[in-house]
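Chains G and C are the protein sequences, given in the same order. Heads up, our numbering is the position in the first sequence plus 254, with the first residue counted as 1. Heads up, our numbering is the position in the second sequence plus 254, with the first residue counted as 1.
Just so you know, these hints were derived from the structure itself, not from any lab. Don't take each hint at face value.
[Stated by the list, open to error] Derived CB-CB ranges, DEER-like:
1) A473(G) to Q414(C): 55 to 61 Å
2) N556(C) to I507(G): 49 to 55 Å
3) D503(C) to N454(G): 52 to 58 Å
4) L406(C) to Y404(G): 22 to 28 Å
5) K385(C) to D353(G): 38 to 44 Å
Since we're looking at a predicted model, the values are computed, not measured. Backbone N, C-alpha and C fix where the C-beta goes; we use that ideal spot for every residue, glycine too.
There are 2 protein chains.
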Amino acid sequence: MAIKKGKRTIFLENKPSIISSGAVVGKMEHEGPLGAEFDEFSDDSLFGEESFEKAESKLQKTAINIALKKAELEPKDIDQVFAGDLLNQCIGSSFSMRDLGIAFIGLYGACSTMALSTALASIFVDCGAAKRTLAVTSSHFCSAERQYRYPLNYGNQRPQTAQRTVTGSGALILERGKNHPYINAITFGEIVDLGVSDVNNMGAAMAPAAASTLMHFFADTKTGPKDYDLIFTGDLGEVGTNLLYQILDKEGIDIKCRHTDCGLMIFDHEKQDTHAGGSGCGCSASVLCSYVLKRMREKKLNNILFMSTGALMSPTSSFQGESIPSIAHLINIKNP
Amino acid sequence: MAIKKGKRTIFLENKPSIISSGAVVGKMEHEGPLGAEFDEFSDDSLFGEESFEKAESKLQKTAINIALKKAELEPKDIDQVFAGDLLNQCIGSSFSMRDLGIAFIGLYGACSTMALSTALASIFVDCGAAKRTLAVTSSHFCSAERQYRYPLNYGNQRPQTAQRTVTGSGALILERGKNHPYINAITFGEIVDLGVSDVNNMGAAMAPAAASTLMHFFADTKTGPKDYDLIFTGDLGEVGTNLLYQILDKEGIDIKCRHTDCGLMIFDHEKQDTHAGGSGCGCSASVLCSYVLKRMREKKLNNILFMSTGALMSPTSSFQGESIPSIAHLINIKNP
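Next up, chain G with everything else stripped away, as it sits in the complex (with noise of 0.2 Å):
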C-alpha cells in the first residue's frame, strides 16, 4: 500500500530495499575523483562491441549482471526490469534487455531516469506486483554526442557551460525490507520549462525542475534540508547547481550545506577539462550505484534525496526553435 501525502509525495509502506547495485563507467570517468568506487570499466570506449550503441547496451548488460552477481540471483529470479535511456527509441535498453527474458518496462526520462525507473521499481515491489524487480539506465559519451550535437570526427568545440555526457551505467536490485537502504518516499516531478533554449547549457533549463520537485517534497513531507544527511542532484552541473541555489534562495531554503551534484562530483573538471560537469543518464546512475549506496551500507548516510533531473528536448524541437522542457523525479532514501 502506498499512502500519498500531499500535492506530490507519495509514502511506501513495505520498504522496498536496495538489496544489489553495479556499476560501470568508462576510461575517463574511472580517472576521476570516483574511479575507486566502480565495480567496473574499460579503457575501450566501445567495450569490446562495434558501434557506440552496442557498447551502450554492453554497459547496461555488465551494470545488470554486477548487480545480479552480488545478490546472487539470476534474471529468472526478477519480475520485471526498468530501463531507458538517451539514445532514440532507447535502445541502449532494449537491446540489452533481448536475452534477459524479463518482462520489461520502457522509460524515457532523459538524465532524470535512474530515479524515474528506481522509484517505479520500488512501487511495484511495495505493492505487490513484483517481488523483485531492476532498475537500470546508461548514457555513452560517444553515442550521444553523435546524436544530440556533432560526430566526434568534427572537433566540435564545447563552450563552458556544457556538459560532459558520462559513459556508464548503474543498475539495482529491490525487494521488500530487509536489512538494506529502502525507499521511503518518493515525489514525481512535473514538465517545467522557463524557455531556456540553448542546449549547450542543459545545467540552466533543468535547474527550475529540480527546484520544482525539491519543493514540493519539502512542502508534502513538511521537512527541510537540514531533515537529511545529503540531498544528491544528478545533473545540474556547475551552472544548474548555481541557478538551483539562487531559485531555492528566494524561497526561502538554503540546501547548500547538504548538497551536492553527480555531475560536479564524477569528474575533477579543472584537471579533466569537462567544462560544466558531468551529465546522461549514466551519470545520475553510476553514482548512485556506487559511491552512494556504498555509504549508505557503512552508515556513513543514513537518510538522503537523490534526485534525477531530465532535459526532454530532441534535436528535431531545437531545430524548431522550441525551448527545453525538464523535469526532476526524487527518490528517499533511508536506512533501517
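Could you slot chain C onto chain G? The hints should help.
Quick look at chain C alone, frame taken from chain G:
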C-alpha cells in the same frame, strides 16, 4: 494491493476503473470504418500547428482535454500522467505536458505504449499512489514517416507488408472502483527478437512477442481465448495477425474466433490503400479510447483482452544491421 499470479500476471484488487476517455484522429482515419467512433478529427494534418511534431503534441493535448471534459475534471485533479510516443526523445509527449502541471512519467514502448501506460496508471490507482491517473499516447503519419523512413516529399513507395502509421491519439482517466470498466489483470511482456530485420514488415517482428505475452497470460490465469468476449491486438496488421495465428496454432491455442486487430479495424485497407493495416501508438490508443470502451460501456463487451505490440528498433540500429526487438503488453478489462 496487487497480487502476482504465475510467472507474469498481476491482478489488481481495487478495480482501477476507466471513468473517461477521448480519441482524436486525422482525415484518413476519420474516413475509415471507425470514422464515426472518434470524438474529434481534423482535415488539416498540421492540426493548425507549424510542424508535424507540434501537431502530434496537439493531438495528445486534444485527447487529454476531451477525456478531462467528459469526466468534468481539470488537470489539477489528476495525480500523474503516463505518456510516451514514437518520436525521438518522446517529444510528442513531453511538449504536450508542458502546460498541464501534472507529475509526468515518461514511457517508451513504441506501439505498445497504450497498454503500457494504462497498465502503470492502473497500478498507481490500485495501490494508492494516486487517486486519479491519466494514460495517453499518440502517433502521426507524417512525423513518423520522416523520422523512421523518408521525408514525404521523396515519394517513397511502400511494400505490401508495410503498415501505415495512424495519425491519432487516445487518452483515458483511471480512478478506483466506480461503475465503469476496470483493469482486472496485467501481463507485461519481455523483449522477443526472432531475427526479423525488415522495417517494412513489423507485423512479422511483433507477432512472436504478442504470442509470448498471450501464452503467459493464459498460462498464469488458467484461461483460454473463449473465456473472453474479444481479444484486441494493436497493431499486427494482416501479416502479423496471420503469423500470430500460426504461432498459437502450434501451441494448440486458437484465438481466431475471438480476435481482432486495431490495425485491421481502423482502415479499409483495400479501399484506402493502406497495405497491411494501421500501426503507431495512436492506432490501438484511439481504437481503445473510442470503439472498445464505448462497447464496454454499452455492455456489448464485458470482458476483453487488450494487447498493444511494439517494435523497439531505431533507424540507427537498423543501419547497424540489427534485427527488431519487439514487445507486447496486455491488460484485461472487465465490466463490474
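Going down the list of hints, with the structure as the test:
Range check, A473(G) to Q414(C): about 58 Å between beta-carbon atoms, so the 55 to 61 Å window is met. Taking the beta carbon of each, N556(C) and I507(G) are about 52 Å apart, inside 49 to 55 Å as hinted. Between D503(C) and N454(G) the Cβ separation comes to about 56 Å, which falls inside the hinted range of 52 to 58 Å. L406(C) and Y404(G) have their C-beta atoms about 27 Å apart, which keeps the hinted 22 to 28 Å range intact.
Distance hint for K385(C) and D353(G): a CB-CB separation of about 40 Å, consistent with the stated range 38 to 44 Å.
Every hint from the earlier list agrees with this structure, and none is contradicted.
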